[in-house]
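Number of protein chains: 2
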Amino acid sequence: MASSVFFTHSHYSSSPSSSLFRHHRHLVAPPTSLRFSSSHVAPVAAMTTDSSAKVIDGKSVAKQIRDEISAEVSRMRESIGVIPGLAVILVGDRKDSATYVRNKKKACESVGINSLEANLPEDSTEEEVLNYISGYNDDPSVHGILVQLPLPSHMNEQNILNAVRIEKDVDGFHPLNIGRLAMRGRDPLFVPCTPKGCIELLHRYGVPIKGKRAVVIGRSNIVGMPAALLLQREDATVSVVHSRTSNPEEVTRQADIIISAVGQPNMVRENWIKPGAVIIDVGINPVEDPNSARGYKLVGDVCYEEAIKVASAVTPVPGGVGPMTIAMLLQNTLISAKRVHNFE
Amino acid sequence: MASSVFFTHSHYSSSPSSSLFRHHRHLVAPPTSLRFSSSHVAPVAAMTTDSSAKVIDGKSVAKQIRDEISAEVSRMRESIGVIPGLAVILVGDRKDSATYVRNKKKACESVGINSLEANLPEDSTEEEVLNYISGYNDDPSVHGILVQLPLPSHMNEQNILNAVRIEKDVDGFHPLNIGRLAMRGRDPLFVPCTPKGCIELLHRYGVPIKGKRAVVIGRSNIVGMPAALLLQREDATVSVVHSRTSNPEEVTRQADIIISAVGQPNMVRENWIKPGAVIIDVGINPVEDPNSARGYKLVGDVCYEEAIKVASAVTPVPGGVGPMTIAMLLQNTLISAKRVHNFE
Chain A
1 MASSVFFTHS
11 HYSSSPSSSL
21 FRHHRHLVAP
31 PTSLRFSSSH
41 VAPVAAMTTD
51 SSAKVIDGKS
61 VAKQIRDEIS
71 AEVSRMRESI
81 GVIPGLAVIL
91 VGDRKDSATY
101 VRNKKKACES
111 VGINSLEANL
121 PEDSTEEEVL
131 NYISGYNDDP
141 SVHGILVQLP
151 LPSHMNEQNI
161 LNAVRIEKDV
171 DGFHPLNIGR
181 LAMRGRDPLF
191 VPCTPKGCIE
201 LLHRYGVPIK
211 GKRAVVIGRS
221 NIVGMPAALL
231 LQREDATVSV
241 VHSRTSNPEE
251 VTRQADIIIS
261 AVGQPNMVRE
271 NWIKPGAVII
281 DVGINPVEDP
291 NSARGYKLVG
301 DVCYEEAIKV
311 ASAVTPVPGG
321 VGPMTIAMLL
331 QNTLISAKRV
341 HNFE
Chain B
1 MASSVFFTHS
11 HYSSSPSSSL
21 FRHHRHLVAP
31 PTSLRFSSSH
41 VAPVAAMTTD
51 SSAKVIDGKS
61 VAKQIRDEIS
71 AEVSRMRESI
81 GVIPGLAVIL
91 VGDRKDSATY
101 VRNKKKACES
111 VGINSLEANL
121 PEDSTEEEVL
131 NYISGYNDDP
141 SVHGILVQLP
151 LPSHMNEQNI
161 LNAVRIEKDV
171 DGFHPLNIGR
181 LAMRGRDPLF
191 VPCTPKGCIE
201 LLHRYGVPIK
211 GKRAVVIGRS
221 NIVGMPAALL
231 LQREDATVSV
241 VHSRTSNPEE
251 VTRQADIIIS
261 AVGQPNMVRE
271 NWIKPGAVII
281 DVGINPVEDP
291 NSARGYKLVG
301 DVCYEEAIKV
311 ASAVTPVPGG
321 VGPMTIAMLL
331 QNTLISAKRV
341 HNFE
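Here the protein sequences line up with chains A and B, keeping their order.
Using the UniProt record's numbering, you'd call the opening residue of the first sequence number 1 and step up by one each time.
Using the UniProt record's numbering, you'd call the opening residue of the second sequence number 1 and step up by one each time.
Some hints could be false.
Any copy will do: because identical chains look the same in the list, a pair fits if it lies in one copy or spans two.
[What the hints assert, rightly or not] Keeping only pairs whose Cα atoms sit at most 20 angstroms apart, straight-line, the calculated EDC-like set for lysine to aspartate or glutamate is:
id	residue 1	residue 2
1	Lys210	Asp93
2	Lys210	Glu249
3	Lys210	Glu122
4	Lys274	Glu250
5	Lys105	Asp139
Worth flagging that the hints you see were computed from the coordinates, not collected in a lab.
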């Protein structure tokens with residue numbers, strides 16, 4: 001199974017860290033405040049003299065964020081009697097989608113967020129899905145609505161996603177949200193979960209962004225494009241590399257910060273990386289592995305073994321960005337509930 | 001008057017070309033079809049052996065586009081009896097704003113577009129302005145609404161701009177439009193006029209964009225940011241340079257295409273420019289000039305005398321992007337009228 005899989009917002013890997021990086025120390029980020037973008041842990045960007053990079057431990061940071069969310073959910077319940085609620089709509093019986101939805105449900109439970117679920121059969125009509133969305137739109141106990149992608153091919157994804165009330169669009173994919181993300185002086189209601197998780201990792205590890213060269217590899221609506229907009233909001237000088245870029249390694253080699261989200265296993269090699277760069281690897285690609293009981297293992301877009309030698313910090317796959325996506329989804333749901341109830 | 005002026009979408013310069021580039025030949029683009037992005041004139045990007053750059057003659061291209069629009073307006077009027085209409089709202093009595101509005105009106109008349117105008121006194125309330133917008137929103141003879149900026153300081157610009165129906169927002173500044181511009185697989189209803197004019201100049205001069213390195217200097221909501229999104233839609237590899245960029249000349253020097261929109265006179269010098277690059281200069285900055293009767297002259301963000309020696313093509317200031325902005329406004333108004341009447 002050497003095929004590559006494009007990363008979608010639905011991914012959430014809970015696999016244990018692989019043995020690839022057992023020789024590298026994990027930084028465990030100490031508890032910090034809940035506010036997005038607020039807290040720094042340990043500056044890593046300057047540590048270029050180290051012969052091996054720091055591992056950016058997404059699993060541990062995500063755990064910490066879930067703990068913070070959990071505390072906030074309790075405080076809210078105790079203060080005003082409101083419990084944030086997330087509704088997930090799953091159409092059809094794709095195994096991977098069912099797993100993601102189950103993981104989201106578990107994550108909600110772990111922090112005290114109410115989780116609602118609609119499971120519709122594969123042959124549902126678009127109207128039936130829209131009816132569910134409409135019900136959740138009107139339900140005051142629901143603060144976030146998430147439609148699990150992909151939808152069956154007979155449905156118009158754009159129509160369905162557009163039906164979610166923007167105040168409950170915790171995925172942050174609504175064009176109005178993206179427009180606000182792109183514009184100076186405007187703020188999106190929600191920042192899309194995966195790119196938000198990438199930036200949060202940089203913040204929690206104290207990686208300076210302002211004035212730095214950043215390269216985003218990939219320009220998807222759900223990761224690459226919003227990640228580039230977020231980095232620019234933080235005053236990085238951002239370049240976007242994509243399939244039509246003629247010299248991707250040359251452009252990428254100039255970056256202090258690399259965010260890769262293309263779904264190409266091990267595409268980013270040593271010669272793409274400036275010594276001391278910080279790398280956030282969003283790719284989760286299955287590649288053949290006869291040593292694994294499953295017959296495959298998951299690798300990122302970045303060749304980890306090479307990156308760890310040149311970069312100052314790298315996210316592993318799995319255990320890097322993956323766990324952050326769902327933590328950000330919980331955070332967006334909490335933000336939504338706080339906003340609607342004016343709770344600070 | 002050595003101050004710099006930030007370029008706004010309201011600029012429209014009709015001054016004759018300055019003597020600066022009298023030694024350089026002007027390419028006059030032959031008539032082409034109206035379709036945006038459709039027509040090429042003469043490839044310039046490869047002409048790096050030339051000791052001096054081509055002048056990208058925005059005045060002449062804008063004239064050509066106005067002729068095309070004029071023909072389409074006639075065809076529409078004769079076929080279905082509909083005349084496109086543009087309403088401009090001007091609040092207060094700023095001299096520069098009054099000039100821009102007058103120029104827009106003249107431009108409308110020159111192509112047969114109906115021009116409506118509301119002149120409100122400086123001390124109008126926000127509600128009064130919103131009433132006018134609401135009237136134009138409901139008026140079927142109005143296909144485009146433009147609020148002349150800046151508004152008096154006692155008004156909330158965002159509220160007022162948001163009140164314009166997105167189907168009539170020919171400026172293309174609505175966040176929903178910007179979001180669609182950023183997203184793959186989505187299309188904005190209108191592309192903001194000035195960045196659209198920049199790309200149109202590249203197209204009409206046959207400058208290849210796909211796979212090229214492009215640098216946008218400036219990240220304003222009305223020029224830099226949408227210009228970067230447009231270049232990316234055309235498969236350029238785009239970097240955005242801004243006030244926090246630590247080495248702007250180094251980044252800019254890598255560009256095959258430079259679009260500058262910062263309002264800093266002569267900021268981009270020879271050493272910022274890769275030999276053979278194509279330069280679109282959006283800046284219109286007044287600088288002292290004792291030889292001028294007015295006491296000042298207009299210059300771009302790019303040092304023209306130096307650029308013309310290194311680049312393969314450059315827009316002059318005035319006479320480059322300026323005239324294109326209003327041509328694109330007329331084009332957006334025509335597009336809006338065609339869309340609402342389903343006229344092709």
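Here's how the hints hold up against the structure:
no.: 1; hint: Lys210 to Asp93; in the structure: neither (44 angstroms within a copy, 40 angstroms between copies)
no.: 2; hint: Lys210 to Glu249; in the structure: between (23 angstroms within a copy, 18 angstroms between copies)
no.: 3; hint: Lys210 to Glu122; in the structure: neither (46 angstroms within a copy, 40 angstroms between copies)
no.: 4; hint: Lys274 to Glu250; in the structure: both (10 angstroms within a copy, 16 angstroms between copies)
no.: 5; hint: Lys105 to Asp139; in the structure: within (18 angstroms within a copy, 49 angstroms between copies)
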